[in-house]
Each structure stands twice: as C-alpha cells, then as structure tokens.
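Engineer: Order-wise, the sequence lines are chains A and B. Each step along the first sequence adds one to the number in my numbering, with nothing skipped, and position 149 is 172. Each step along the second sequence adds one to the number in my numbering, with nothing skipped, and position 152 is 156.
Keep in mind that the hints were calculated from the coordinates and are not lab data. Warning: the hint list may mix true and false statements.
If you anchor each label on the Cβ, the simulated ranges turn out as follows [as the list claims (entries may be wrong)]:
| hint | chain 1 | residue 1 | chain 2 | residue 2 | range |
| --- | --- | --- | --- | --- | --- |
| 1 | A | C156 | B | G48 | 44 to 52 Å |
| 2 | A | D104 | B | V44 | 35 to 43 Å |
| 3 | A | F199 | B | A107 | 17 to 25 Å |
| 4 | A | L65 | B | G109 | 49 to 57 Å |
| 5 | B | G106 | A | M178 | 38 to 46 Å |
| 6 | A | C185 | B | A280 | 22 to 30 Å |
| 7 | A | D104 | B | R78 | 43 to 51 Å |
| 8 | B | V220 | A | L65 | 47 to 55 Å |
| 9 | A | M178 | B | G250 | 27 to 35 Å |
| 10 | A | L207 | B | G251 | 49 to 57 Å |
| 11 | B | V220 | A | D104 | 24 to 32 Å |
Each residue gets a CB set at the ideal place from its N, CA and C atoms; glycine is no exception.
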Amino acid sequence: MSQSAGTTAEPGLAVTLSELYRLLRSTLRASLEGGLERGAVLRQMYEIGNRSLGFLCIVMGFMGMILTYQAGLQTQRVVPDLSLLGATFLELLVRDLAASICALMLATRVGAGIAAEIGSMVVTEQVDALYMCGADPIKHLVCPRFLASLGMFTMLVVLAACVAVATGTWTANAFFGLNPRTFLNLSLLSAPDVIVGLAKCVAYGAAIPIISAHAGLTAFGGSEGVGSATTRAVVGSSLAVIVLNFLISGAGYALFGP
Amino acid sequence: MAEAPPAATLAQVSRQTEPADASASLSELFGGVSSMVAVVGAEGVLLSRILGRTVRGEVDRAELTRCLYRMGIRSVPIVAVTALFVGGIMVIQAAPTVQRYGAQGLLGWAAGFGTLREIAPLLTALMISGRVGANNTAELGTMTVTEQVDALRAMAIDPIGYLVTPRFYGIVLTLFLSTILADFLALIGASLAGRVLLGVEPMVFYNGLTGGLLGVSDVLNGLIKSVVFGGAIALSSCHFGLATEGGAPGVGRAVNAAVVVSAAGIFVLDYLISFAIP
Numbered sequence: 024m025s026q027s028a029g030t031t032a033e034p035g036l037a038v039t040l041s042e043l044y045r046l047l048r049s050t051l052r053a054s055l056e057g058g059l060e061r062g063a064v065l066r067q068m069y070e071i072g073n074r075s076l077g078f079l080c081i082v083m084g085f086m087g088m089i090l091t092y093q094a095g096l097q098t099q100r101v102v103p104d105l106s107l108l109g110a111t112f113l114e115l116l117v118r119d120l121a122a123s124i125c126a127l128m129l130a131t132r133v134g135a136g137i138a139a140e141i142g143s144m145v146v147t148e149q150v151d152a153l154y155m156c157g158a159d160p161i162k163h164l165v166c167p168r169f170l171a172s173l174g175m176f177t178m179l180v181v182l183a184a185c186v187a188v189a190t191g192t193w194t195a196n197a198f199f200g201l202n203p204r205t206f207l208n209l210s211l212l213s214a215p216d217v218i219v220g221l222a223k224c225v226a227y228g229a230a231i232p233i234i235s236a237h238a239g240l241t242a243f244g245g246s247e248g249v250g251s252a253t254t255r256a257v258v259g260s261s262l263a264v265i266v267l268n269f270l271i272s273g274a275g276y277a278l279f280g281p
Numbered sequence: 005m006a007e008a009p010p011a012a013t014l015a016q017v018s019r020q021t022e023p024a025d026a027s028a029s030l031s032e033l034f035g036g037v038s039s040m041v042a043v044v045g046a047e048g049v050l051l052s053r054i055l056g057r058t059v060r061g062e063v064d065r066a067e068l069t070r071c072l073y074r075m076g077i078r079s080v081p082i083v084a085v086t087a088l089f090v091g092g093i094m095v096i097q098a099a100p101t102v103q104r105y106g107a108q109g110l111l112g113w114a115a116g117f118g119t120l121r122e123i124a125p126l127l128t129a130l131m132i133s134g135r136v137g138a139n140n141t142a143e144l145g146t147m148t149v150t151e152q153v154d155a156l157r158a159m160a161i162d163p164i165g166y167l168v169t170p171r172f173y174g175i176v177l178t179l180f181l182s183t184i185l186a187d188f189l190a191l192i193g194a195s196l197a198g199r200v201l202l203g204v205e206p207m208v209f210y211n212g213l214t215g216g217l218l219g220v221s222d223v224l225n226g227l228i229k230s231v232v233f234g235g236a237i238a239l240s241s242c243h244f245g246l247a248t249e250g251g252a253p254g255v256g257r258a259v260n261a262a263v264v265v266s267a268a269g270i271f272v273l274d275y276l277i278s279f280a281i282p
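Same shape as in the complex, but just chain B:
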C-alpha cells in the first residue's frame, strides 16, 4: 500500500533526506533558520504591497464586506464559547491562591488583568488563527493550485488588491472586535465561576475589577496586541495560500505551515509588545 508522504511544511522546504553527518545536520539547521527568515521577508513584502494598495484605494469593497461577514460573524460562536470557558478556567486556577489568602475581593483584579492583557487576546488569536486563518489559506491555496489566481492576472485584475487586501483588513477587524467580545465574555465567565466555586458575589467581583488597580491602559494593551496578532495571522495565511503548489496535498501542507507560522508569530509578537508597552 502507498505510504503517505511526510507532511513537510513549506517553511522546511529546504530539508533534504536523512542527514548523514554533523555538517549535514548543521546545514539543515541553517536551512531551517534561512527558510524562517525567507518566510518573514516574504510576509514583509506582502505587507508593503497591501499597504500600497490601501494608500492608492485599490481595495475591493464588496469582497471586504463578504470577508467581514464570513470571518467575523461566523466566528462569534467559537469565540464566545472559548471566552466563557477560559474565564472559568482562570478562576479555577486562581482559586487556591484566593482561598489561601482570603483575598476574595482581589479575584476581580486577578481575573481582570490576566484576561484583559494576555489571555483574551492570545486565545482569541489562536482560535481565529485556527478557524479563519486555516480557512483563508485553504481557499487561497485551492484558488492558486486550480490556476484561478493566474486567470485573474490574465484578466488584468490585481490579485493582491482584489483577494488579499480585503482578507487582510477582514482578519484584522475580526480579531479586534472578537477580542472586545472575548474580554467581555471571559470576565462574565470568570464572575460566574467565582460565584459557583468560591462564593464570590458578582458585585464584589465587579468592584475588584473597577476598583482602581486596572485601567483603560490594560484594555488598550490587549487591543493593540489583537490588532498586531490579526496582522500576523492575515499575512501568514495569505502568503502561504498564494505560495501553494502541488495539488491537494500541497493545500494541506500550506494550511499546516500557515497555522504553525501564525502561532509562532503570535507568541513572539506578544512578548515584544509586552515589553514595548508595559
């Protein structure tokens, strides 16, 4: 029976067969690093093209609306479910500390800062990367391998302006709005879990949240992160979608690579923003 080819990611395209000695392993390592750099560079070029189209106003508005509906509205259920559960999980994790120090009043603060600054943007981005990013790569990848993108070029329609730019702004806006929704729902989930598990009244939770230890800067911190994550997801999925080759298995590999690069990019950017904007 046929053996499935190993699912090589596009970012590891330079990988050769079994390395025979140390120097081959070293070149494999550098190959990995150089292909990572190549991916980042390609995404940078794509970003500059998108910004160029935006500045010149060459964005297809109908496609933008369609993207916003498909990506934003259809992601609401999954974002809502994730946020509620994450709020509950955060309270479960904070419960030992709260009970040890009798700090019921601080539960709102603890859940609040974790959610607003880190967990809501991060988990929303991961969920949307999995759902919207993967879907986007699959769509663009299918269009590329079935030569529909070449047909667009043949008709003198600019694929970047028509396909990529609306998706870019669609994903960024989706992530921004979903993070706001996730912030809200995660705090509700946390307050429910606090009530059920620790007997912390919702009013106490609310006071802990708004008591003065948290501010607008925390919310804004989370929202800036969400916009940057949106950019990372959009660039990664569009780049790997357009660079797909190899038929149906190629689409699968492209989706795999896009999702992996999005996730790694999200974490690295999270760290950089956390330090840049304390």
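Okay, chain A solo, but in the shape it has when bound:
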C-alpha cells in the first residue's frame, strides 16, 4: 500500500523561511524588471478573483449571519441592549475578520490551486523544460500569480465584507428585531481600523502565493509529490495567515492604541 504522501526529509523551519524570503525577493525583482507575458497577470486575476467569488460570497455570507447571531445571543444574556451590536460587528469585520477569514478561505482555494498547478508542472518536468529554454520559471510562473493575488485580494475582501454586512444586517433584523439603521452604525470605525485591515489584505495577498508557489516548486515524486505539495501549501498558508494576523493586530494595537 502506498505510504502517507509525505516528503522523506522535512526541511527545518529556518531553511524554509530563508527559502521563502529568497523566493519573495526574486519575485519582486522579476516583477519590477517587466517583460511578463502579455495577459498572464490578467488570466491569473481571473483565476484567483472571479473563480473564487461564489465560494467567498457563500462563506462570508454565512460568517456574517453566524457572527451576528452568536454575538447578539450572548449580549442578550449579559446586557439586554443591542444598540451597539452593529457597531462592534462592523469594527471587528473591517479590522480583522473580513481579511482573515477571506485569507483562510483563499489559502485553501487559491493556495491549493497554485501549488497543484506548479507542482504538477514540476513533476512532469515542464519547469525543467523552461530552464532549458533559458526562461526564468519565477518570472513566468510565480510573478503573474503574485501580482494577480496582490491586486485581487483587496477587492475580494472588500466585496466579501459587504456581503457579510448585508447578511449580518438581515440576521439582526430577523432574529433580534434590530432596525437596519441602528445596525449600520459606523461610529466605532476609525482610520486605524481601516489601515490595519488594509495592511492585513496586502500581507496575506503577498504571503499566500509565495508560500504556495514555494510548495509547488519543491514538489517531487509523481502524484504523491503533488498531493504533498498541495497539503504543504494549504497548511503553510493557513499558519502564515494566523501568525501574520497576530503580528499585524499586535502592531496595530501597539501603534494606534485600543
């Protein structure tokens, strides 16, 4: 029977981080050099953005409903006054949850997709063929996905946040009788929240394609290797999202205060 689809020798954390840093540097340098294939970035933007839209809307729609319902339920237990429910919900969404939940979802979808594609190209020796033609695989494979992800990620997060707000408003109205105008209360939102949220969008949009491309490029061993690369991409991207969330939230708290 086939053994578990794992690598023979897992490289240590320090080695992986240094490889990721080098990949990020090469990708940035190749992007700034120009000379990308025509339409490559647009095609990847379609793959990453348009094809994830339905999935993301479903997930964020349910997320908004769940969040509002649970928060309302608990607040009713303690302080039977739901007037600030919408305000806190909106602040939490903009500051943290919209970017992070979207990032986790996209880490599974986009991360797995990038690693699967690049991994199967590595395993079927297409990347070696690229090297033979004197082309740089990083410029042709990784850069379009990196730029597309950076561009589409923020847009997806904004749209998904709107969907979550819409479903949250409906939930508050349907289950707690809260007036939409009371719910859609922007009083607790301020510039630091938006800045932290956008910083997270950019960080996640950069981290996910780099980690997934790295996992794909280090695939080996046939179909088992592709499966292993996809797993590593999803796990690595999810962990990176959580750690970056912690770091950026902490930095935001330290810089801008509560």
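Please build the complex by placing chain B on the supplied structure of chain A, with the hints as guidance.
Structural biologist: Same frame as chain A, now just chain B:
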C-alpha cells in the same frame, strides 16, 4: 513553452470553454449548481455506505489505529500553535471594547464564549481540513490513479470498509479531541494575552470564565459542531480522493476541490447548527 492547464476543480467539471452569450452563462451557472448538488449527493451515498459497514462491523481495526496516530497525534503541534495564537488574537480584538467600558472582569466571558462556541471548533476544523483532509485526499487520489484501489477490489477486499471507514472515524475522532485541546489552549493563550496587554490577572480571567455566564452547554455546542465538521471533512476528502482521475495533475485538482468543498461545508454546517442548537 507549455501553458499549465487551468486548475479546474472537480466540482466544476461541467464547465465548458468561453461562454459566448447569456444562455451559455446561465447554463454554466446551473451546471455549477447541479455539480454542487451532485457532490453533496455523492457524499451522502458514501456516508450511507460507511454507516452500513460500521453497523455490520466491517471496519479494519489496524488501519483505524494507524489513522488515529497519523491524523491525531501528528496534528497536535499545528492545533496547539493555532489555538494559542487565536486566543491571543481574540484578546487583541476585544481589547478596545474592554478598555472603553472598563470591563476587565468580563474578558474571561467574552473570550470564553467566542472561543468555546465558534472560534475553536471553526479554526481547528479549517486547520485539520487543510492538513489531514488534503493529505487524505492526496493519498486516496494517488492510490486511485495508480490503480491500487482496483487491485483491492480484484482481491475481494472492500475498499470502503478497508480504506474509507477507518479514515472517516479517524478524522471525526481527531477533530473531536483536537477541539477539546484547542479550547483549552486558546483560553490559556487568551489569558496570557490578557495579562500582557490589558493587565487582567489570570484569576480575574478565570472567574469571568466560570462566573456563571457560560455553561456546559456552550462547550457541548462547540463539540457537537466539531463532530459534524469532522464528518464533512472526512466525507469530502474521501469522496474526492476516490473520484480522482487524470494522473498527477488530477491528484492536485482533487485536493483543491476537496479542501474547497470542506471549507464551504464547514461554514454552512456551522450556521445550521448555530440555529438548530442555540
């Protein structure tokens, strides 16, 4: 140079090339919906087969133990790291509200209900779906494309009883136990972050937690969710693993599809359970 084929998920297998007009887009939309329904139906059939094997006792025990070790024990580090960080994040997010109202005593309650009811089951399920679910699909997918599953059938060994059922129970048990661990560690992470960021003493945090606003029902709510999420992850990964076709790229597509369907299923089930069991 060769262009990589677009990573079409198995759930979008009915998708054709560029839609030329509105009616083609509409059929694409219905194709998407019908393939979603097909996936849910296939998973339902798989579930009924698994339950049938369980009732008849045709479960391979050695394989079950092996699965529990590989999935459960090897996932502990990632669950632990995630839970600690998530506890810290929750306190950071609650910090403005707590400081605005001076409600240090309620920090334990706020972190507690969020963690126990929602965040711990959800994030543990997402992490385990990414790690165990993807690995499982990759393994089953590789076995399918290299015709090992057909070889099992040729030897009159039932693949569902031998391969799928142990993995199903392995994943469900893993998720149940990991959620308990994640609950515990997330609350520890939250209390540490509360101490460092807000100066809330651990005793105050503990009192807020056990003061009477939270109960066993909250913990049970989270655990019921974790079992259901485990079922969703297991069914999705086993279905897409066994339905893989197309060699190495096919395995990659199958893993992608399995992980996406698991995540969507987790959120939908989370919502349904939240409303069914308030």
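Engineer: Confirm or reject each hint.
Structural biologist: Hint check results:
no.	hint	verdict
1	A:C156 to B:G48: 44 to 52 Å	holds, 48 Å
2	A:D104 to B:V44: 35 to 43 Å	holds, 41 Å
3	A:F199 to B:A107: 17 to 25 Å	holds, 21 Å
4	A:L65 to B:G109: 49 to 57 Å	holds, 54 Å
5	B:G106 to A:M178: 38 to 46 Å	holds, 39 Å
6	A:C185 to B:A280: 22 to 30 Å	holds, 27 Å
7	A:D104 to B:R78: 43 to 51 Å	holds, 47 Å
8	B:V220 to A:L65: 47 to 55 Å	holds, 54 Å
9	A:M178 to B:G250: 27 to 35 Å	holds, 32 Å
10	A:L207 to B:G251: 49 to 57 Å	holds, 51 Å
11	B:V220 to A:D104: 24 to 32 Å	holds, 27 Å
Hint compliance for this structure: every hint is met.
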